[in-house]
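Protein chains: 2
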Amino acid sequence: MRIVVVAPSCPLKPEAAEALKALVDTRGDCELSIHPQCLLSAGHFAGPDEARLAALREVMADSSVDAVWFARGGYGSNRIAEAALTDLPDAAGSKTYFGYSDAGFLHAGFHKAGLEVAWGPMPQDIVREGGEAAVTRALDWLVGRDPGALEPEIDEPAMAFNLTVLSNLLGTPLEPDFTGVELLIEDVGEHLYRIDRTMFHVAASPGIRKVRQIRLGRVNDVLPNDPDFGGDAADIVEHWCTRSGIAYGGRADIGHDTANRVVPFGRAQPKRPTRA
Amino acid sequence: MRIVVVAPSCPLKPEAAEALKALVDTRGDCELSIHPQCLLSAGHFAGPDEARLAALREVMADSSVDAVWFARGGYGSNRIAEAALTDLPDAAGSKTYFGYSDAGFLHAGFHKAGLEVAWGPMPQDIVREGGEAAVTRALDWLVGRDPGALEPEIDEPAMAFNLTVLSNLLGTPLEPDFTGVELLIEDVGEHLYRIDRTMFHVAASPGIRKVRQIRLGRVNDVLPNDPDFGGDAADIVEHWCTRSGIAYGGRADIGHDTANRVVPFGRAQPKRPTRA
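From first to last, the protein sequence lines are chains A and B. For any residue, its number in this note's numbering is found by taking its place in the first sequence, counting from 1, and adding 174. For any residue, its number in this note's numbering is found by taking its place in the second sequence, counting from 1, and adding 174.
Keep in mind that the hints are not guaranteed to be accurate.
Where chains are identical, the list cannot tell them apart; a pair therefore holds if satisfied intra-copy or between any two copies.
As the list claims (entries may be wrong) - Simulated crosslink set (SDA-like; lysine to any residue; CA at most 20 Å straight-line):
no.	residue 1	residue 2
1	Lys286	Pro380
2	Lys384	Pro347
3	Lys187	Asn399
4	Lys187	Asn394
Derived from the structure by calculation, the hints contain no laboratory data. Because the structure is a prediction, the values reported are computed rather than measured.
Go ahead and model the full structure; you've got the sequences and the hints to work with.
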């Protein structure tokens, strides 16, 4: 099992890279490489668009790579997602793409293109409090398809997105087909009035109205609303689901935190055969 | 000339209401009413959705009203915009709807429905530093169609939107036809990475790609980007226009400030005949 970490959004912290390598060494059940592009920096991003795209395309085209793990979120994968999907090499289809948060732009476009993607913890999470457990959960799923890593109530086919990322990819070439999907959403660091506005946008989308149901993960680090909004994030999501004729399925065990679980897009694929 | 102020988003400050009434008394060229709904409060909003909708529909249906002036922005007009347009009374078509910021949700849907809308300063602006000039500019245009109030380079047909509001109405039933339009955008209180993400979303929209050109108003009160984003808001907007095949026409004289100018949607209508 060979996993390569690339950073299509923001740079990976060197201490996260070191901690991850140490954890993988201890496990001994997989081989992990951290692409040097992860440590590049150019303004907001882990290197210029060209460098992030080149690293991503390099690992997509490498037939010795079983899983591409996105180093962290932040912002920026949308700037290279479409270009990453042009003239797809055969090897791109024989691996898993894994991460969450800003990586949702890639997840959407890659899933639409028929590649295997899953939502779950990322390398940078290891430097959070409790982060080793999160990264271990991700590796348990990547290496052994451990069902204990999955969001416990998952009802396939499913997808998971950061709500704000989802809103920003609707109507773009990255938008996947949501028909019949259980859609899990979560968010972090937003005001409730923004969650409400984003839910208005998302719930009005003709594509989103084709989902089977929406479940809400954690909405963490909500910024103060002045005045008090008058309701919480779950009230807001249920309100817009009801108004829009979308089934609301209650809460989900995902979020921008170390308890975040794995959500394979579509239907989970069996464990990859061991390489000869 | 009879103008009525309603608040489809957040409540109007009482001191703004008083200052506006005093200004209009001094001018003596129009009659102004501030609907009592403007001072309601329910959580984030100027009263519950039902009260804001009822006040808006009341003034839309009132044939004695020449102009409906949205009290202020904030957030919330999207929650009632579609309902405001159902079973439109005849009188709704014989008046001007005026404001900016969050009122963009109404502007979009109302313009799409054939009503006359324009972007420009709002009553709440009067309590800003320099706000009397802003509100005077709005009244000069509402009462006398003063060409000096207009965005100086305006090239009809035009529209103007807060960028974040625009992003959140794309793909919803409020989205108007942008074909051949000069689209003016501005924003306030955002991080540059968010401006970049929103421009990705907006510039990818098939509807937006039909505009004649985009011009950028002021992007005020930009929140600190950590690290430095690497470019300013104009660089970002030009970048996404270029990538998306949209003509970028440079800067525009609109913004969340008291220098904000008037932008009639579509083609400006002549001054309304004086009521008998």
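Notebook entry, point to check: Which hints from the list above does the structure break, by number from lowest to highest?
Noted result: 4
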